[in-house]
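A.B. asks: Once you have looked at the hints, place chain B on chain A.
Quick mapping for you: the protein sequence lines, in order, are chains A and B. If you're matching positions, the first sequence starts at 1 in the numbering used here and goes up one per residue. If you're matching positions, the second sequence starts at 1 in the numbering used here and goes up one per residue.
Since the hints were made in silico from the structure, they are not lab data. Just to be clear, a hint being listed does not mean it is correct.
It does not matter which identical chain is meant; a pair holds if it fits inside one copy or across any two.
In silico EDC-like cross-links for lysine to aspartate or glutamate, where the CA-CA straight-line distance does not exceed 20 Å [unchecked claim]: (1) K449 with E216; (2) K449 with E334; (3) K434 with E339; (4) K71 with E21.
Since the structure is predicted, the reported quantities are computational estimates derived from the model, not experimental observations.
Number of protein chains: 2
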Amino acid sequence: MEYDPADASSLGDMTDSEFREALALVGDWVASYRQRVGRLPVLSRVAPGQVSRALPSAPPSRGDAVENWIKDLDEIIMPGITHWNHPGFMAYFSLTGSGAGILADLISSALNINGMLWKTSPSCTELEEAVLRWYAMSMGLPADWFGTVCDTASTSTLVALAAAREATGLNIRADGLAAKPKLVLYCSEEAHSSVDKAGIVLGIGTQGIRRVPSDECYRMRIDALEEAIRSDLAAGRRPFAVVATVGTTSVTAVDPVSEIARVSQKYGLWLHVDAAYAGTAAIAPDFRWALQGCEEADSLVSNPHKWLFTPIDFSALFTRHPETFRSAFSLVPEYLQTESRGAVDYMDYTFQLGRRFRALKLWFVFRHFGTEGIAARIRNHVHLAKEFADRVDSHPRLERLAPAPFSVICFRARPEGLNDERALEQLNAAVLEKVNASGEVFLSHTRLKGRYSLRLAVGNLNTTGDHLRRAFQLVCEAAGLAL
Amino acid sequence: MEYDPADASSLGDMTDSEFREALALVGDWVASYRQRVGRLPVLSRVAPGQVSRALPSAPPSRGDAVENWIKDLDEIIMPGITHWNHPGFMAYFSLTGSGAGILADLISSALNINGMLWKTSPSCTELEEAVLRWYAMSMGLPADWFGTVCDTASTSTLVALAAAREATGLNIRADGLAAKPKLVLYCSEEAHSSVDKAGIVLGIGTQGIRRVPSDECYRMRIDALEEAIRSDLAAGRRPFAVVATVGTTSVTAVDPVSEIARVSQKYGLWLHVDAAYAGTAAIAPDFRWALQGCEEADSLVSNPHKWLFTPIDFSALFTRHPETFRSAFSLVPEYLQTESRGAVDYMDYTFQLGRRFRALKLWFVFRHFGTEGIAARIRNHVHLAKEFADRVDSHPRLERLAPAPFSVICFRARPEGLNDERALEQLNAAVLEKVNASGEVFLSHTRLKGRYSLRLAVGNLNTTGDHLRRAFQLVCEAAGLAL
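Extracted from the complex, chain A is given alone in its bound form (with noise of 0.2 Å):
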């Protein structure tokens, strides 16, 4: 295998006709495949190993043909697929990769570039501002905040927390935190994992997050918060951040955002919420009141690809203080300067360089639904849910565990008599097993104050009010009861 610059002319990538060739193909498997997708088992049903067995131990030294590749799709690869585009798809957080997400994001993949720089192509850092602008306007938050499209919220969460841990003005960045007093950050036991995996990247630790009791609404207490904040003061300790949660992850609550921002502002701690799900919401006005207090936080995080139909992954960070980013972040070597005149470079605003043009999945996503559309959809499912809240509540065997301000329903099964809570918990998971297996609908599990309980997100365009029904139907099927 010599090199011969003979054969540099093919060496080249597929030729034009080859990528319309294939293009056809591959554009006529995702099309079907949005259509069929409601038929398929939502839950995989392959043991572990199963899919790597089917595939060969050792790359291929020669390429083959795509016709090849859609078998293997077909054979290997999608028997072992959870189908999250699925209308039965209701565990987690459902959610949509909508038709004008996934032609954007494939001129996306076709431009490949990577805007870590304006220069290195200004309509990606353009555009990027002006969706995110769209997204704040559009769900009532101030027009002139800063916005960032990060990968996930895990992400954004992280680097805002790196501002906060910069706005201490302890020149952490410069010195690291040794010798540095011990930082702390709030949030409430219904805060999203991921704040625990940013204070331990960030170096606070895990001692070093309290997580705040929350009510009986699981909505982080004020007063468990502030006394939390005055014991850590007392034993010198250094406060720095409060993350809200505007819809968390078991339960959607919303955390009361402005006596937090009251709190935080009392005792000068960063404010993040985090609203990656139930952001979106308040583009329908009748949830505007899900993000009340939110324009006193210092940085928000709410996701695009969760409620909005936009394919995974798009993550928008807001915040009032780009300043402090660039602060905690900003460091050009001489390969990377430019003369960008007054524009944002956004690699100076986190630690992640390079930068897909995602913002050309949002933008499709409001040329195609605009915000009416947007928001009648987000009522459609919350009504959706609401329908099935209410099925339960009317049944006399099944009992919800949560307020659903949104679209999420935390319930059990509670056959007559049956108190004890390790009994309650068998019969539930067996449920939810009973349920998963069918192939229908997928459904996921949390536990509230302790007890274990049936949770159902509605999130997917092309779930329907059958498709609840039926869900409400397998529910009591498995848990052997009357409808």
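C.D. replies: Just chain B, lined up with the frame of chain A:
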């Protein structure tokens, strides 16, 4: 805009025929783009704010047709694109979003799965394991290393150094860094800025990052490394990690990894290798030397989205110590508890929870090119770069500033009698600006031991000898030199 459930039928996504029509339109756009990209100005010519001003300041309330999005894409967005997929793009690291990679990404967007847990799509986990094994094997790295896909090398290095910090046994995950000894990490003065950013995020601080001097070929000096470690130990600081680079950003120098590994072992330090660019070269057996010693590393990052024709973003992180990554990161809240019977849940090995199905891209790339096809293309790029370097070397008024072991050339114009560094910088910066204004090629620059250097990188599948001859001609013209 009251919610009317009777309208629910219109609250889904595009219909099948709408999607197919739109995909035909977008597909044709993408194929045409791939054909015409070489005739567009490679570096965008818009002024800051030009794209922004053409975009509405508020989101549309109602959706419009895909034809209009494409029209705006062409008229507003495209002028602001710097074309990374242009054969004349020779700045930074030149790359290719290959046809195979684009097709795979389209499928990923349509499946829209989140592979956070094995259960949430077993194929995402098991294909990721398989293709990363293929990638490791093709580079001659141990096939039994654990691999995980990150978005960018910045994330891979951050995650690896978080594991390194955990490996100190100082219980930092729980306690945080306050009251711990000052940790120190080492890299060469030529290492990528992502190492500094990781150190900042991790709370090590820039004072805890030693940039070890490099030799005349820009490789880390072992004597200087060991001296720095000893001096930190003597001062009571705690060395914990070394980052060696295989293919530095400026000149693609290869640090002496075997020797660095010996020093790392001697002092009990974690060795992370940044092979983001040059790792892929080792797929060609004649460049296997570049990864010599890397089998001794504790972790290594190499980026298929750089030289392996995979659309951004895709960074591969390998380690011999997956259990250390788990210790650093695993944290499973109730709502993510699953029974996956020994399977890998990738969320346990990093701070990011969401996981796009990126493995599909690398799978299709291997399927299309095969390792021999990849190796031939790598060799071709190195050959093209060598031809350019030879042309520079044989020109009396051009000067090469560094060895070029791969496909990146650092050089400058040096008119007769001009020896003043400041004058040389001014001249070459002007050359760069003129060349880039041509729209035919896009070069970048760097600084080498204080000297301003032009920098040309070959890495796009459509770059030919003609493009490089033209680049040479443009440089000579801009510098007022004879060819």
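A.B. asks: Hint by hint, note whether the structure agrees.
C.D. replies: We went through each hint and held it up to the structure:
no.	hint	verdict
1	K449 with E216	within (9 Å within a copy, 64 Å between copies)
2	K449 with E334	between (54 Å within a copy, 12 Å between copies)
3	K434 with E339	between (61 Å within a copy, 15 Å between copies)
4	K71 with E21	within (16 Å within a copy, 25 Å between copies)
The structure agrees with every numbered hint stated previously.
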